[in-house]
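Generate coordinates for the entire structure from the input sequences, incorporating the hints supplied.
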Amino acid sequence: WGRAINDAVKKFLQFQITVNITAVILTFVSAVASAEEEAVLKAIQLLWVNLIMDTFAALALATDPPTESQLRRKPEAKTAPLITLTMWKMIIGQSIYQLIVSFVLHFGGPSFLKYPKDEMDALVFNTFVFMQIFKLINSRRIDNELNIFEGLSRNRLFLVMFAIMVGGQVLIVFVGSDAFVVVPLTGPQWGISLVLGFLSIPIGVLIRLFPDSIVRTCAQWVDRHLPRIPMPKFLKRKKNKSDEETQNGVGTAFQ
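To convert, note that position 231 of the sequence shown is 231 in our numbering; the numbers rise steadily by one, no gaps.
It is worth saying that the hints were derived from the structure and are not from the lab.
Some hints could be false.
[To be verified] Below 27 angstroms or equal to it, Euclidean Cα-Cα: the simulated DSS-like pairs (lysine-lysine) are:
#1 K89 / K74
#2 K10 / K89
#3 K117 / K42
#4 K74 / K10
#5 K114 / K42
#6 K89 / K78
#7 K78 / K10
[As the list claims (entries may be wrong)] Listed next, with one range per pair, are the computed distances between beta-carbon atoms:
#8 L194 / I44: 15 to 25 angstroms
#9 A163 / D223: 34 to 44 angstroms
#10 R156 / K42: 32 to 42 angstroms
#11 V170 / I214: 35 to 45 angstroms
#12 N147 / W221: 31 to 41 angstroms
#13 E37 / V104: 13 to 23 angstroms
#14 S111 / E37: 19 to 29 angstroms
#15 A163 / D212: 28 to 38 angstroms
Source: prediction; values computed, not measured.
From the three backbone atoms N, C-alpha and C, an ideal C-beta is built for every residue, glycine too.
Next comes the structure, spelled out in structure tokens:
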């Protein structure tokens, strides 16, 4: 159970960091680029995304039972990084995919889809949410193994949370349009949202097949060449032995 709990924390972090990166960048860029300084994701919509990210995802990912692969795996050292290189690879890869899809729909959608602005905003919101929902399935693995459905049938709470998220999003679009500042979508628009959301799963497969060695080399190059901002003296404190061990553990993620 100890390894299962450790993996549950990592799964949740892998999911949450991806959502945070995508939501923050999408909201900021769309607000800055808008003449009305209005973000594509409204405040009430972000509250729903936050509910998915913090509550439903935590319940779904933290309840995975131990698997045989976890029992066969060697115990991790106390200084092992909480976010591994493989996890960063998935976080960055999924964030790039979600941002590309969201930006193309938001900025390029009106020109090639010919939908009104309110429908385009609703389409972006719906697609964004379904990318997170399908990303939840991807987050069940924190390694490069491709079987993301391992042990899924034994975790009924995951299936319940998944159904609640899908049902909640459908109700928001069809019933809660006034409260959530969206308009009902047509069949083709729902198809676009579901297909782009589902693509998070095959994108996850491609990311896992991408060699970790290349990611490690890129990370080491950035670490050597990226200028570092010096910390003010009043923020510095003397390091004790435990701090040095923790710092060394975090640093090993890219080594």
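Evaluation of the provided hints:
no.: 1; hint: K89 / K74; in the structure: holds (22 angstroms)
no.: 2; hint: K10 / K89; in the structure: holds (13 angstroms)
no.: 3; hint: K117 / K42; in the structure: holds (14 angstroms)
no.: 4; hint: K74 / K10; in the structure: holds (17 angstroms)
no.: 5; hint: K114 / K42; in the structure: holds (22 angstroms)
no.: 6; hint: K89 / K78; in the structure: holds (22 angstroms)
no.: 7; hint: K78 / K10; in the structure: holds (15 angstroms)
no.: 8; hint: L194 / I44: 15 to 25 angstroms; in the structure: holds (23 angstroms)
no.: 9; hint: A163 / D223: 34 to 44 angstroms; in the structure: holds (43 angstroms)
no.: 10; hint: R156 / K42: 32 to 42 angstroms; in the structure: holds (33 angstroms)
no.: 11; hint: V170 / I214: 35 to 45 angstroms; in the structure: holds (40 angstroms)
no.: 12; hint: N147 / W221: 31 to 41 angstroms; in the structure: holds (32 angstroms)
no.: 13; hint: E37 / V104: 13 to 23 angstroms; in the structure: holds (22 angstroms)
no.: 14; hint: S111 / E37: 19 to 29 angstroms; in the structure: holds (22 angstroms)
no.: 15; hint: A163 / D212: 28 to 38 angstroms; in the structure: holds (34 angstroms)
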